[in-house]
Amino acid sequence: MTEAARRDRVFLVVVDNSEEHHVALQYACLRVRKSGGRVALLRVIEPPGQTEWAGVGALMAEEQRDEAEKLLSGLAVQVQDLTGGYPILLIREGDPRDELLALLAEESPISILVLAAGADSGGPGPLISALTGRFASRVRVPITIVPAGITAAELERVT
Amino acid sequence: MQVYLPIAEMSVDALLLLGIGFGVGWLSGLFGVGGGFLMTPLLILTGIPSPIAVASGACQTLGASVSGLMSHWRRGNVDARMGLTLLAGGFIGSALGVQLFALLRRLGQVDLAVAFFYIVVLGSVGALMVRESLGAILNRKRDGQVRLHEHFWMHGLPLKVRYRKSRLYISIIPPMLVGFGIGILSAVMGVGGGFMLVPAMIYLLGMPTAVVIGTSLFQVVFVSANVTLLQSIQTGSVDVVLVVLLLAGGVSGAQFGAAMGAKLRGEETRFLLGLLVLAVAGLLLWGLVQTPSQPFVTEPAP
Chain Y
1 MTEAARRDRV FLVVVDNSEE HHVALQYACL RVRKSGGRVA LLRVIEPPGQ TEWAGVGALM
61 AEEQRDEAEK LLSGLAVQVQ DLTGGYPILL IREGDPRDEL LALLAEESPI SILVLAAGAD
121 SGGPGPLISA LTGRFASRVR VPITIVPAGI TAAELERVT
Chain L
1 MQVYLPIAEM SVDALLLLGI GFGVGWLSGL FGVGGGFLMT PLLILTGIPS PIAVASGACQ
61 TLGASVSGLM SHWRRGNVDA RMGLTLLAGG FIGSALGVQL FALLRRLGQV DLAVAFFYIV
121 VLGSVGALMV RESLGAILNR KRDGQVRLHE HFWMHGLPLK VRYRKSRLYI SIIPPMLVGF
181 GIGILSAVMG VGGGFMLVPA MIYLLGMPTA VVIGTSLFQV VFVSANVTLL QSIQTGSVDV
241 VLVVLLLAGG VSGAQFGAAM GAKLRGEETR FLLGLLVLAV AGLLLWGLVQ TPSQPFVTEP
301 AP
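Top line first, the protein sequences correspond to chains Y and L.
Anchor point for the first sequence: position 126 equals 126 in the UniProt record's numbering, and the numbering is continuous, going up by one each time.
Anchor point for the second sequence: position 46 equals 46 in the UniProt record's numbering, and the numbering is continuous, going up by one each time.
It is worth saying that the hints were derived from the structure and are not from the lab.
Where hints are given, some of them may not hold.
Result set (EDC-like, lysine to aspartate or glutamate): computed pairs, CA atoms no more than 16 Å apart in a straight line [to be verified]:
#, chain 1, residue 1, chain 2, residue 2
1, Y, K34, Y, E63
2, L, K165, Y, E67
3, Y, K34, Y, D120
4, L, K165, Y, E156
5, Y, K70, Y, E156
FRET-style restraints, in silico, Cβ to Cβ [what the hints assert, rightly or not]:
#, chain 1, residue 1, chain 2, residue 2, range
6, Y, D120, L, Q109, 50 to 60 Å
7, Y, G94, L, L285, 35 to 45 Å
8, L, L159, Y, R134, 51 to 61 Å
Here's a subset of chain Y near chain L, in silico, CB distances under 8 Å, partners left out [claimed, not checked]:
#, residue
9, T51
10, W53
11, A54
12, M60
13, E63
14, I88
15, L90
16, G94
17, D120
Keep in mind the model is a prediction, meaning the values are calculated, not measured.
Where is the CB? At the ideal position from N, CA and C, for every residue including glycine.
With the hints as extra help, turn the sequences into a complete structure.
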């Protein structure tokens, strides 16, 4: 791989409320640190839906956005410490799966999607199930699935 | 298809009740409102006696809110401690409200009182909704509402408790008062009260919006359960046949409404809801002031 191509590649990590996304983020950061590229963080916020009062709905959307920004900028500091580069921050509103697919379908710089599998017996998580199952044909980039129980030493070794 | 309602002691077209249930359920799914504040007046307008309409309305609200509470609970959007504080006030309020209701019934003024409550509440809620959506339509670029993060007298009250999920450290008195007020409304009007509870929790108590809907449903479910229980013990006016018919229509209607509501986010629709609420209030007002077709009615003494 040439140096230019390495700088261009972007690892996308989906930041959701699961514990697993930390593993995915760790993996992406280690890959970037060792062989170049950038990290992108995607946070999809749920639209507030219909509420009795428009003001309440507007306030909800605003608070969700604030929270997402705070969360991402916190993680961005971590990413910067690990990789030396500031990540690309993406906030979208809607259904996580649809927004992720839409992002991948666009002319986006994303090169590799990093997902972490769920640790419990309830399957690998909704995103992985959808993207490797019904929606596999709509994914335009390679997907890396990181097992949830992976140890830090193992992560160091495989990246 | 006539069915006999055993408590209301009258025959009503079952399809009409299913239709009302479906329509109100559809609206509540569409707009994300409880729907109780439309259900009870519509029942009164179809000729169901007010006490039955109110008590059965509370029971119907209970049935319609449980699934919402469960889904919010699963997603961790319920502040249980705040919910219990609200509920403590709500139980007292609803118990008193049922006593008030029973008293009004003994005085023979319950129809008037219920209609009056509805005209005042629906009139002001509808007017606020129309005003709010008109403002938003006319001035779309308005900045989001700003929450006042100020300290006022409320924050000096004793008995402070830490509400971790709501990120609040406030006295239990304001939430109890809010719950109390909603409890009274719930008992007298047969509504869940979410349309007043939600703004009160946000603007008065300062709760973060993420947990407001789930926590308000927590209060609504248990207060309407309490109202149902107390009404059926004290006034014996919960008509289960009526409630089952309304719920059967309501559950399917809510599914349709929610599916449509997800695609629809316009101020125009909320404007229409406001107009609808005002129209119901207007109809109730007309019912109060029009000259009755029969000036005198004889009925057996209670």
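Do the hints match the structure? See the list:
1. At most 16 Å may separate the alpha-carbon atoms for a hinted pair to count; Y/K34 and Y/E63 exceed this at roughly 37 Å.
2. Only pairs whose Cα atoms come within 16 Å are accepted, and L/K165 paired with Y/E67 is accepted, the gap being roughly 14 Å.
3. The hinted pair formed by Y/K34 and Y/D120 fails the criterion: a straight-line CA distance of about 30 Å is larger than 16 Å.
4. For the hint linking L/K165 to Y/E156, the alpha-carbon distance of about 36 Å lies beyond 16 Å, and the restraint is violated.
5. Restraint check: the Cα-Cα separation between Y/K70 and Y/E156 comes to about 28 Å, which exceeds 16 Å; the hinted pair is violated.
6. In this structure the hint that Y/D120 and L/Q109 lie 50 to 60 Å apart at CB holds, the actual value being about 59 Å.
7. In this structure the supplied range 35 to 45 Å holds for Y/G94 paired with L/L285, their Cβ-Cβ distance being about 42 Å.
8. The beta-carbon spacing between L/L159 and Y/R134, approximately 53 Å, falls within the hinted interval of 51 to 61 Å.
9. A hinted interface residue such as Y/T51 counts as satisfied when its beta carbon comes closer than 8 Å to some beta carbon of chain L; here the least separation is about 5 Å, so the hint holds.
10. Hint on Y/W53 holds. Least Cβ distance to chain L is approximately 6 Å, under the 8 Å limit.
11. A cut of 8 Å between beta carbons decides the hint on Y/A54: the least distance to chain L is about 5 Å, and the hint holds.
12. At about 4 Å, the closest approach between the beta carbon of Y/M60 and any beta carbon in chain L falls short of 8 Å, and the interface hint on this residue holds.
13. Among the interface hints, the one on Y/E63 holds; its C-beta lies about 5 Å from the nearest C-beta in chain L, closer than the 8 Å criterion.
14. At about 26 Å, the closest approach between the beta carbon of Y/I88 and any beta carbon in chain L exceeds 8 Å, and the interface hint on this residue is violated.
15. A hinted interface residue such as Y/L90 counts as satisfied when its beta carbon comes closer than 8 Å to some beta carbon of chain L; here the least separation is about 21 Å, so the hint is violated.
16. Among the interface hints, the one on Y/G94 is violated; its C-beta lies about 10 Å from the nearest C-beta in chain L, farther than the 8 Å criterion.
17. For the restraint placing Y/D120 at the interface with chain L, the shortest Cβ-Cβ distance is roughly 15 Å, beyond the 8 Å limit, so the hint is violated.
The structure does not agree with the numbered hints 1, 3, 4, 5, 14, 15, 16 and 17 stated previously, though it agrees with the rest.
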